[in-house]
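Engineer: Assemble the dimeric complex from its two separately framed chains, guided by the hints.
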Amino acid sequence: MSTRESHVESADEAWLEQVVLKARRSRVIDSWIIWIERAAIIGTLIGGWQLFVSALKINPEILSSPGAVGSTLYHLLQKRVFYYDLRVTSEEVLLGLLLGVISGSIVGIVFILLPRISDALQPLLVGFNSMPKIALAPLTIIWFGLGISSKILLAALGVFFIIFFNIAAGGASLDRAVMDNLAIMGLSRRKIVLIFILPSVATWIIAALKVAISAALIGAVIGEYIGADAGIGYEIENAINSLSIARMFTLLLVLAIMGGLAYALVAFIERRLLRWSR
Amino acid sequence: MFLRMRKSNEVRSGSEGVQTHQTTESEESWIAAVVQENRNQRRTNRRIIWLERIGAVVLFLTGWQLLNSLGIVLPILISSPRLIGSDMVQLFQTGSFYTDALTTLLEMISGLIIGTIIGISVGLGIGMKRRLSRAVQPLAVAAHSIPAVILAPLVAVWFGFGFQPKIGIVALAVFYPIFFNTLTGASNIDETLVSNLKIFGLSRRSIVRHVYLPSAVVWTVASLRTAVSFALTGAIVAEFVGARHGLGVAMVDASQFLHTARVFSILLVLTTFGVVFGFLVRALENYMFRWQR
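For the protein sequence lines, the chains are A and B, in the order given. Final position of the first sequence in this note's numbering is 278; the numbers increase by one with none missing. Final position of the second sequence in this note's numbering is 1293; the numbers increase by one with none missing.
Just so you know, these hints were derived from the structure itself, not from any lab. Possibly wrong hints are sitting among the right ones.
Unchecked claim - To list a few chain A residues with every Cβ distance to chain B over 12 angstroms, as calculated:
1. Ile102
2. Ile106
3. Ala202
4. Ile205
5. Ile218
Claimed, not checked - Subject to a maximum C-alpha distance of 30 angstroms in a straight line, what follows is the list of computed DSSO-like cross-link-like pairs (lysine-lysine):
6. A/Lys22 <-> B/Lys1198
7. A/Lys210 <-> B/Lys1198
8. B/Lys1198 <-> B/Lys1129
9. B/Lys1129 <-> A/Lys22
Predicted model, so just to flag it, every value in this text is computed and none were measured. No residue lacks a Cβ here, since even glycine has one placed at the ideal position from N, Cα and C.
Only chain B is shown next, with the shape it has when bound in the complex (with noise of 0.2 angstroms):
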């Protein structure tokens, strides 16, 4: 794009010497075209790109139906989509399928929640003391090490196979993460800070308030992500190792019976569990950090 110069309109600014530039009328249609090409691309590109994906997901399934109709792999290895699908439809059809997606659905909900409350509880009240969180930090570190769903089996031994053992089991899963991060956010507070709002004389409740709470929030809010899916694994894990009802036993129980059909279906309604749940939390992340965009 070449700059030219019309010569009625020329503005010369005096003691800089700087020449502005008045674009003439073919320069300004030839910059809308531009403009609406772009736009236009824009629009297709994103038509294509939704085509794509659609066009993926559609080769995803019919190379696994392949898989099975050819015969190059058996039904009981990886079943495929026409059986899964009719699966699924018996599986809304028993009654069973609701009590035990329910229950699962609570497990992982309470579990998350007592989880959560105790989680930030314990690490805010051990980040706000320096000496106590100084201690605790290489111990936590340490319990880290240690997968909370492992213990599973011990909380079965202690409280039995009912329901509130797994929300034990989830909530013990759920605090690790929150714990820790609370407490991080809680014992990286800056010293001083808090000293000089003493001196104003600021109470502990309003320090507690203004100071620790947003900065622990900010971690916790962090950590909920992998929260959220520790939950969702520690009620099967929780399920896996002993249950009435629940998707976790009901998987077990398809996969002993060798019903591979059965197996994926539950393994979908579990996904799908997993992909509300981070849509909730990433909408959650949205709200709480909108302050910040």
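Excised from the complex, chain A in its bound form (with noise of 0.2 angstroms):
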């Protein structure tokens, strides 16, 4: 901030100053207001289901309550199991996010570079595009069994398709000429990957990566829904079968943390990414 002089230009500067300072205090104050009317909310939506169940006297079979969510949650977090669990979904979902995105990449790329082979791929695919991935969840529990590879492979194999898919589509919007130029004034075919293309394939795959990460935790989650022998999943489904419904609630709320943690660590990954690109 430069120095300011002891004497204002003129009136109409310091008029000026003090509308731009009171917009400043008001924004201020409103980003409070959003946070407090946030707060508000969930704070109604919890104590609306508690005064529901308990008011209405709904058997817990049904719909449980905070209060019981949150003594089942204390007493998980006190198992062994539990972390064993919340690391077989973790691993599930980065894994086959990591599996994805660079399986998806290299066939995206190698696909930019041989143009006549994707003319000649379109129906196929436009075929698997269409395909519902998770149909496959069988298909994979078949090939590697209740262990957590098949989550992997699954997970994997919807991140595959849409990080495939925006790369090739992204491919038929790269200006063709100036790759061509690029060749002709003598680049290399592996400098001509690195310079150009690289760049715009990193920006979608960030741009997919939401996309993508949501269709890991449904490929694990419904892996272990269909068959497995641990994970978040497949707690679920034990606690549904053992009709311990607060146990259900609460480990539907950790999923639900989960899916929070990992959006928000994709939306953090694509602002530092995006502000270093500019």
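Structural biologist: See the structure below:
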């Protein structure tokens, strides 16, 4: 900030300063108010839930209550098995994401570099894109059994298709003329890829990351729902089968928090990397 | 191509000194030949591309069949086009297949319709009120982080494994993207425009019809493609979690008996659903945005 003169040039400037300060202050207060409003809404939902359940004396097997969920959570956090399940599910999601992003980018870049092959494979690709990826879940279980690998594969498959199609679609928007010019100027194929294609690819991947992590989450959890031996989804199925509804709600809450953290992570990466690329 | 002036047809415009050029007959026929060659080339190119595409599919299927016939991979794992083909014939002859397929289709369509209607109404309703949409937006983003299909067992616990709860799960899955997009579309309306229209005396209803609805509809149709794919996913997951009829159940059953060919057949049917619905959505998009082109 530049040093201020002891006297302002004119009354107009003083007035302008006051307006700006007032606007800044009101903006700060405004953002506080928004947070208060959000907390109020969440608080109302939780309070309403509790009120609803206790006032109407609803069967705890159906709706449980914030109190029961709270105490179950407290007990869960003290069991070692819970942390093991957490680790299993997180591994499935993160490894699936990693695998899917890497394979999707490699195949995607190859696709961009070989336009005739991408033209030829068009109908196959349309078919594969329209295929609901979780329909592959029983197949992954046939292939890899009930262990963690089948869920990693399922998550990775979902992520692969998303990343690959984003890159393929983005590749169509690349300026071929620039690429041809670079080749004419004598840049080796490798250098063209590194300098021209990779930055764009990185942008497309980051743009698709939110959808990708959603797909990874779905793949991992649904895989656990239909056949697993560990993981939060597996525990949810167990809770349902043993009619421990409070535990089911608690685990769903844990899943929601995991999803929220994953999303926050992706948003953070997005912001960081986009700022760096400017 | 060299520009040659024909002496008798030189045209000179007075002040600017611009000289136009009349093409000679040989140049004209040359141009015509080039254009015709271009057209032929393009037609051949298109034919080649289609041949390449068919060739790619044939190559894919042959490779797959070879992997099985040569015994490189066990048929239990990846089956083979021949086995899948014969299984599909069998499948189309079983009565239960049509019940299952119809069930899944109906779940998907009903859930899609209900989810879209509720999503649009709630999205518009909240989006039109400034304070409410500002407060709800972050909650919506947070809720977005839990994919709706994950809540499928919850719905099953509450409402059982019948047909209606499945529609509920699909509607829930479809609701998220539609609501989110409609909300964004509705809350992105320029407030000054609305205030101006109110000053001009436009009734609230007209404002909704002519300002909010078009903007929201643009955003909604944009999310329709996602919604349709979520509907298909939702129907399948809902059946995975537990059901009596449906292609998802048939698939899980087949996988538990290691009938890999059956699993692939059903996968093919589901993919066909996806392709057909994809076409429908694209047709709808083209229809809705025809004035933009």
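Engineer: So is A/Ala202 really clear of chain B, every C-beta pair being over 12 angstroms apart?
Structural biologist: 23 angstroms, holds
Engineer: Classify the label on A/Ile205 as holds or violated, using whether its beta-carbon is more than 12 angstroms from each beta-carbon of chain B.
Structural biologist: About 19 angstroms separates A/Ile205 from the closest Cβ of chain B, which puts it past 12 angstroms; holds.
Engineer: Would you mind confirming whether the straight-line C-alpha gap from A/Lys210 to B/Lys1198 stays at or under 30 angstroms?
Structural biologist: Given pair A/Lys210, B/Lys1198 is violated - Cα atoms ~39 angstroms apart, limit 30 angstroms.
Engineer: Hint check: A/Lys22 vs B/Lys1198, CA-CA at most 30 angstroms. Holds or violated?
Structural biologist: Status holds; Cα separation ~29 angstroms.
Engineer: Are the Cα atoms of B/Lys1198 and B/Lys1129 separated by 30 angstroms or less?
Structural biologist: 15 angstroms, holds
Engineer: Hint check: B/Lys1129 vs A/Lys22, CA-CA at most 30 angstroms. Holds or violated?
Structural biologist: Status holds; Cα separation ~26 angstroms.
Engineer: Is the nearest CB of chain B more than 12 angstroms from the CB of A/Ile106?
Structural biologist: 19 angstroms, holds
Engineer: May I ask you to check that A/Ile218 keeps its beta-carbon over 12 angstroms from the closest beta-carbon of chain B?
Structural biologist: 5 angstroms, violated
Engineer: Verify that the Cβ of A/Ile102 lies farther than 12 angstroms from every Cβ atom of chain B, and report whether the claim holds or is violated.
Structural biologist: A/Ile102 is indeed farther than 12 angstroms from all Cβ atoms of chain B, at 23 angstroms.
The structure fails to meet hints 5 and 7 from the earlier list, while all remaining hints are met.
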